[in-house]
Amino acid sequence: MAAPSKRSTRPTPVRKAWRSLTWLGVIIVALFGINAAGVMWAGGSWTPKLALDLEGGTQIILAPQLADGESVTQEQLDQAVSIIRQRVDASGVSEAEINTQGGQNVVVAIPGELDDQTRARIESSAKLELRPVLLADVATNQSIDPSASAQPTDAASDLATTPTAVPTDGSDPSWITPALQDQFDTFDCASIDSSGANAAPADEPLVTCDSGRTIKYLLGPVEVSGENITDATNGMVTTQTGASTGQWAVNIVFDDQGTKDFATVSQRLFALNGQTPRDQFAFVLDGAVLSAPQMNGVITDGRPQITGSFTQESSKALADQLKFGALPISFTVQSSDTISATLGTSQLEAGLIAGLIGLILVVIYTLFQYRALGTVTIASLVIVGVITYLTITILSWREGYRLSLAGIAGLIVAIGFTADSFIVYFERVRDELRDGRPLVGAVEAGWKRAFRTILASKGVNLLAAVVLFVLAVGSVRGFAFTLGITTVIDVIVVILFTHPMLQLLAQTRFFSSGNPWSGLDPNALGAVYRGRAEFRKPVAVPATKVASSAKEAQKRQTIAERKAAQVDATVGASEGKES
Amino acid sequence: MANRLTTFGNDLYTGKRSFNFVGGRKKWYAVVAVLLILSVLVPVVRGFNFGIEFRGGSQFHIAGVADATSQPAIDAVASVAPDAVAKVTIVGNQGVRVQTDQLEKAESEQVSAALAEAYGVDPSEVTSSFIGASWGADVTRQALFGLLAFLLLAAIVMALYFRTWKMSLAAILALLADLIVTTGVYAAVGWEISPAALIGILTILSYSLYDTVVVFDKIRENTAADGQESRRTFAESVNLAVNQTLVRSINTSVVAALPVAAILFIGAGALGADTLRDISLALLVGIIVGTWSTVFLAAPLYSQLREGEPAIRKHDQKVLKERERASVSKADAEELTTA
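Protein chains in written order, with the working numbering: chain C, 1 to 579; chain A, 1001 to 1339.
Because the hints were derived from the structure by calculation, they are not lab data.
Yeah, the Cβ is synthetic: ideal placement off N, Cα and C, and Gly gets one too.
Treat the hints with care, as some may be off.
[Claimed, not checked] In silico DMTMM-like pairs for lysine to aspartate or glutamate, Cα to Cα no more than 20 Å straight-line:
hint	chain 1	residue 1	chain 2	residue 2
1	C	Lys49	C	Glu113
2	C	Lys448	A	Glu1221
3	A	Lys1016	C	Asp435
4	C	Lys323	A	Asp1138
[To be verified] Here chain A is said to cover these stretches of chain C; the calculated rule only asks that three of the stretch's residues, wherever they fall, bring their Cβ under 8 Å from a Cβ of chain A:
hint	segment
5	416-425
6	459-465
[Unchecked claim] Partial list, derived from the structure: chain A residues whose beta carbon lies under 7 Å from chain C:
hint	residue
7	Lys1087
8	Ala1154
9	Ile1199
Generate coordinates for the entire structure from the input sequences, incorporating the hints supplied.
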């Protein structure tokens, strides 16, 4: 029972300090644990992945798919590069290199291998159209399935009565001319190519199939197109009660025009409820129907959801494609080769050695400046280094983050910047000592003021990181990511390590007695007042100063002011006499 | 035992020793103005030397190479166009890809021939084409857009935090000066502007603002604590804050500059990691300029912006008047004692 009582008599800063250090330990152990789990079960690694310049990767040459006589303009290529870059960026922070080649092709260099997902992500045009369904039928006409063929037969009988009337809206069956009907009847889903070979002008009907090639459709003209999409995300389909159905979907947000157009279609199709398939609308992607749901209600908020046979990855890929817009042309992968690193390992080694030397110089300078206190800085920097390394390794496994040579230099520099938090803190503590506070009080008071400054200044850094990460593309985005990570880690370490360490050290005799080697020696700092009216003779301040600096209130004044104050006092006194 | 910088720090803190950063602002503004003019003139005269990532360039592909290594290509390009930097990549097992600055048609043919010879392949195995910029206009546009958004947001955040937009304005002006001077120095050195260098300049942007916030927070503390009772004019309060954080400014710039300098001089200079020199030069210059622009530009600017405010002007006049009266009566007192 002695232990708890002893515990409760401990001063609170010490208990708080141990609590903070425990949290830090938990964070580090958790990061280790996550990474270890990744290495054991999910293909993680103990080293971060390297970027194109250091490790090489795959070079993919994309050739535009052009009909005979068609040619691609530089403008189209530039637009394609821009869109492909955003799509690749959206899959992680891998810093791919994308450019045009010979005014004809697009070259994409990505670190690592080219998998089917990445291939699908970059090469398809992703042109989305919303068209109303006029007719639907099972794909294989030869074997008649009674359940599915019943409705198209009804629709076909309508056709005969209105062959020439001008269609009033997209769902008007008068779109179906005998020629189209014939095309639809004889349409073979095997002939469609998912890359958009079966395209039709936006204001004309389209005959196509779903991407699984099991149902064929005759669709009305385009009602809303992908150009009106402002945002697209993927997520699970939820029921009205909010429970997840486990089915992946792509959620679309339309702009004002798109919302208006979609609401009009929605109203019309909902009114046709029951007249299947004319109450259906189709999401057509690159000429193939992704899904053709029935309009079960009037959607006026412009936020439809596309369902289909999505996995998490494919729904994410489609969402990214839709968000960044359709490519002006479709591309096919012409060749894909592994490429070597442009920088040898010697460059990486040179960078690391130089960075290490730089950090050693920082250590020497810090020890020189702050004596024993410098060891706290060094320990803090080591902790920052460990947490940064683990975080980057985990992110490179989960988010595809990759380190380029410039990125490594950036990290080393960022660790140098981190030291500033400690400098700001130590200088504030020293200021408090100069004001004559005892060490424990100085640490707490200094921390209060320093913490505010650190939060404000690091907040600016974090703001830069977040804004650039959201808005910029390519390597600027990678930079912002690194800046954000190091800033957050810096703040965590100063709260959970540097400050608690100082709180604990303030309790030791070595520091609290103001040992000259502690870096917190009140004598060296010119402190003049030790609290509780206990004065001591400052060593570093010239003797003439001693008298004038006796009072704490005067200590913050400049010489001129102090003199003025003295005279002022005399004048005040004489004035008092006169009155 | 007190180390000299510590004593120096004590003196700065108490005001025993003080540098007149705010009062001597005309002098500092003049220095900044000269630096800015030079930084604008140098690139105008010499022009920026953008790398192939920005301008595009020539690409050669050599197929059917038995022993695919990069050195022969570097030598071959250097033999024809000594100024062009060759980026060599091994493609697959038997291909070599060489990217250089945009070459003239004649030069390009010479390089093709030299490459064919270097790798001992038939000239028909070497194809050349033009490659577009990998850091295209879209990347620059998005980066600039992000930058403007950041500056705007940072200005708002700082104005809210410091409760005065004048600090935001002074901080942003100092930041712009940092950017101009850093790019000016980079242009003066004449190195090719690479994406890494631009990343370095972006880092500086965030660092410069960060440094200004640290010093401004001390100014805020001092000017807020002093209030109406202060015996200091506003400019003196600001100046004292800058002096009190001077040791931090020195330590910070040294600690931040050391790793960068090591990477620049040891890594890029002695060990030959060329790609690191771009980013480390931009960073080194930026760190030094960023730290000292706060002291010599941002703080005096802020003080100047505030001094015109009626309340502050009234207070300053009161302080100066009292001080004058004090010195007069002090002289009187001295006269009395001597008499």
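Cross-check of the supplied hints:
1. Lys49/C x Glu113/C: Distance of about 13 Å is within 20 Å: holds.
2. Lys448/C x Glu1221/A: holds (12 Å)
3. Lys1016/A x Asp435/C: holds (14 Å)
4. Lys323/C x Asp1138/A: holds (16 Å)
5. 416-425: Answer holds; 6 residues pass the 8 Å Cβ test.
6. 459-465: holds (count 6)
7. Lys1087: With Cβ-Cβ at 5 Å, under 7 Å, it holds.
8. Ala1154: Because about 6 Å separates Ala1154/A from the closest Cβ in chain C, which is inside the 7 Å limit, the hint holds.
9. Ile1199: holds (5 Å)
Hint violations for this structure: none, all hints satisfied.
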